[in-house]
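2 protein chains.
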Amino acid sequence: MTAPVTIADVARLAGVSTVTVSKTLNNTGRISDETRARVIQAARDLGYVANPAARRLRGARTNLVGMVVPELVSPYFAEVARAAAEAASSAGLDLGVFTTSRDPARERERVAALSGGLADGLILVVPTDDPQHLDVLQRSRTPIVLISHFGTPTDLPNVRADSYHGAHAATTHLLDLGHRRVGFIAGADGSSQAHERLRAYRDATGERGLLDPDLIRPGNFTQRRGFEAARELLDLPDPPTAIFAASDATAFGAMDAVKDRGLRVPQDISVVGFDDIAAASQSHPALTTVRHPIHDMSDSALRLLSGALAGEAVRGTVLDYPSELVVRETTAPPRSS
Amino acid sequence: MTAPVTIADVARLAGVSTVTVSKTLNNTGRISDETRARVIQAARDLGYVANPAARRLRGARTNLVGMVVPELVSPYFAEVARAAAEAASSAGLDLGVFTTSRDPARERERVAALSGGLADGLILVVPTDDPQHLDVLQRSRTPIVLISHFGTPTDLPNVRADSYHGAHAATTHLLDLGHRRVGFIAGADGSSQAHERLRAYRDATGERGLLDPDLIRPGNFTQRRGFEAARELLDLPDPPTAIFAASDATAFGAMDAVKDRGLRVPQDISVVGFDDIAAASQSHPALTTVRHPIHDMSDSALRLLSGALAGEAVRGTVLDYPSELVVRETTAPPRSS
DNA sequence: TTGTAAGCGTTATCAA
DNA sequence: TTGATAACGCTTACAA
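Each protein sequence line maps, in turn, to chains Y and G. Using our numbering, the first residue of the first sequence is number 1, and each one after it goes up by one. Using our numbering, the first residue of the second sequence is number 1, and each one after it goes up by one.
Don't read these hints as lab results, they were simulated from the structure. Glycine included, C-beta positions come from ideal geometry on N, C-alpha and C. Mixed in with the good hints, there may be bad ones.
What the hints assert, rightly or not - Below are the DMTMM-like pairs computed for lysine to aspartate or glutamate, each with C-alpha atoms no more than 20 Å apart in a straight line:
| # | chain 1 | residue 1 | chain 2 | residue 2 |
| --- | --- | --- | --- | --- |
| 1 | G | 259 | Y | 109 |
| 2 | Y | 259 | G | 268 |
| 3 | Y | 259 | G | 103 |
| 4 | G | 259 | Y | 79 |
Claimed, not checked - What the simulated footprint calls covered on chain Y by chain G, stretch by stretch (three residues with Cβ under 8 Å from a Cβ of chain G suffice, anywhere in the stretch; the number is not a length):
| # | region |
| --- | --- |
| 5 | 150–163 |
| 6 | 169–178 |
| 7 | 277–285 |
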């Protein structure tokens with residue numbers, strides 16, 4: 001229950017003014033070596049840490065960056081947060097992660113609190129696509145960088161991952177292997193990413209005249225639904241020989257269903273996921289999937305934010321990263337080909 | 001690029017003093033209904049949000065709670081963070097999550113910054129067990145609650161999950177099913193939880209005279225290592241009929257290895273995990289595992305923190321939660337019994 | 001090289 | 001019921 005050590009305590013112990021302490025600790029202004037040593041020693045003895053609130057209030061930086069994500073349980077967001085934390089750390093910044101539970105009101109509050117004085121800058125991952133909300137963001141004096149914002153255009157810097165190309169490549173990969181009936185287990189309704197993945201699947205199969213609505217099953221990104229949907233697919237009179245799932249979790253569920261039927265992956269049924277979560281490369285057989293360049297994206301987001309903090313003009317920047325097919329062990333030519 | 005709206009702006013628009021605005025918005029002091037209405041309207045019109053830094057500096061609350069976790073990629077910590085965020089939310093608090101990447105220095109910095117003025121309170125998950133570090137924590141004027149601290153005793157409130165009992169129950173469960181050779185794939189070296197799980201396994205098998213060092217394999221909590229270790233186990237001259245893995249990910253790796261050998265779970269080999277991550281209940285067969293009551297723990301941690309914030313004496317409180325065996329579909333009697 | 005003074009936005013105290 | 005004043009801890013002119 002020690003009262004917090006203030007700059008005044010350090011100044012007193014070192015026998016100098018608070019200004020000298022501030023200058024010393026922030027490496028600003030000229031300080032004699034002797035004084036500097038004394039101040040640093042005093043600060044260390046006292047365990048002094050500058051009060052970020054005071055610092056921030058004064059207009060100085062806090063070195064705290066806030067990241068607002070819908071949730072952390074999905075490995076995708078957890079990985080984005082991790083990558084951003086690493087990138088922040090090497091930029092000398094701290095990253096605080098805040099979740100909204102996909103509640104727009106919560107998102108607004110969080111942004112308000114953070115941009116209102118706690119954080120130097122903000123990174124919003126998949127922000128709510130509400131024009132009024134986005135308008136508030138645009139007006140913010142605190143630098144804001146968006147990750148994967150699709151929809152209403154803004155001039156905020158935006159780092160996005162495209163789902164379409166990877167999903168198209170994945171479907172084409174299966175088609176090229178010789179599959180003529182490729183099932184699709186969709187993502188959650190209302191997710192723009194899920195929509196893009198479905199659109200790519202439709203386009204790729206349509207291009208070869210192989211689009212069959214029966215092969216498309218609704219989903220919600222979960223493993224459980226992947227299991228059920230795959231069963232539905234396998235129960236079809238003319239079942240698919242390959243399944244493309246809109247998430248890795250869904251793909252694992254589908255693999256469970258296939259194995260549960262006594263079939264083998266990939267010999268009997270090929271399976272492709274989307275996301276490249278850690279388990280994708282660790283499972284056996286390792287999952288063929290599509291990857292967003294999460295690390296590159298987080299790095300870029302932080303570079304943009306650092307730039308903005310340093311006064312660079314980053315408004316209007318849009319970085320579109322392609323998604324990339326990662327071929328592993330769950331895809332092979334169909335039995336009958 | 002709007003300059004932030006301050007309390008002075010609101011006061012000006014409402015034609016009152018800043019004090020009146022503050023009182024109105026914080027429901028402190030007597031304000032006439034008429035004035036109150038005008039102030040609230042003005043605040044709304046301007047989109048005013050109090051500057052947390054200023055508020056905090058003045059000694060008032062920020063409603064921000066900081067949580068420091070080793071990392072977020074492991075589903076366990078992600079789940080702890082999620083549960084805590086929910087609990088915080090229903091207590092009217094915001095939860096900011098900070099990661100340390102298991103770097104003690106990073107942890108110290110984060111704690112210092114957070115407790116030094118940004119957050120009202122702190123929750124540290126598996127804090128570094130360094131006496132000096134813990135001493136600093138104990139002296140902190142900002143309330144701190146520990147989650148799963150084992151080791152050097154402190155009088156900080158501590159909410160812990162026991163791994164021993166669940167692990168013992170899991171091993172006994174397999175033994176009770178009739179298994180006489182139960183393999184164990186350990187967790188990471190240096191993790192106290194991993195150590196407890198191994199100890200429980202040793203004790204439970206030892207009690208029945210069924211302890212065989214050959215059946216214990218090193219691990220690191222990963223799925224990959226689970227796969228390899230399970231292979232080693234299956235390659236033994238006298239292989240186990242059941243495998244207990246120190247984490248769910250490891251258990252999934254082990255299941256992959258079993259299936260890869262053309263064996264079935266649980267008919268040929270039973271598998272038990274530890275953690276009860278989301279995938280455990282969603283996989284097929286659903287994984288028998290051991291669960292820490294993460295939600296109860298996070299709830300308790302937040303209740304303790306709220307209490308401390310409200311001036312209650314919570315020092316010395318230690319809440320020990322038992323881990324619990326969750327029997328699902330991956331365990332069955334051995335073939336030969 | 002060092003220190004004085006002012007002010008960041010807010011709220012608690014006290015007086016009106 | 002309302003408002004003037006001071007203070008929280010820090011940093012940035014500006015002066016010495």
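Hints versus structure:
no.: 1; hint: G:259 - Y:109; result: 49 Å, violated
no.: 2; hint: Y:259 - G:268; result: 15 Å, holds
no.: 3; hint: Y:259 - G:103; result: 41 Å, violated
no.: 4; hint: G:259 - Y:79; result: 29 Å, violated
no.: 5; hint: 150–163; result: violated (count 0)
no.: 6; hint: 169–178; result: violated (count 0)
no.: 7; hint: 277–285; result: holds (count 5)
Of the numbered hints given earlier, the model fails hints 1, 3, 4, 5 and 6; all others are met.
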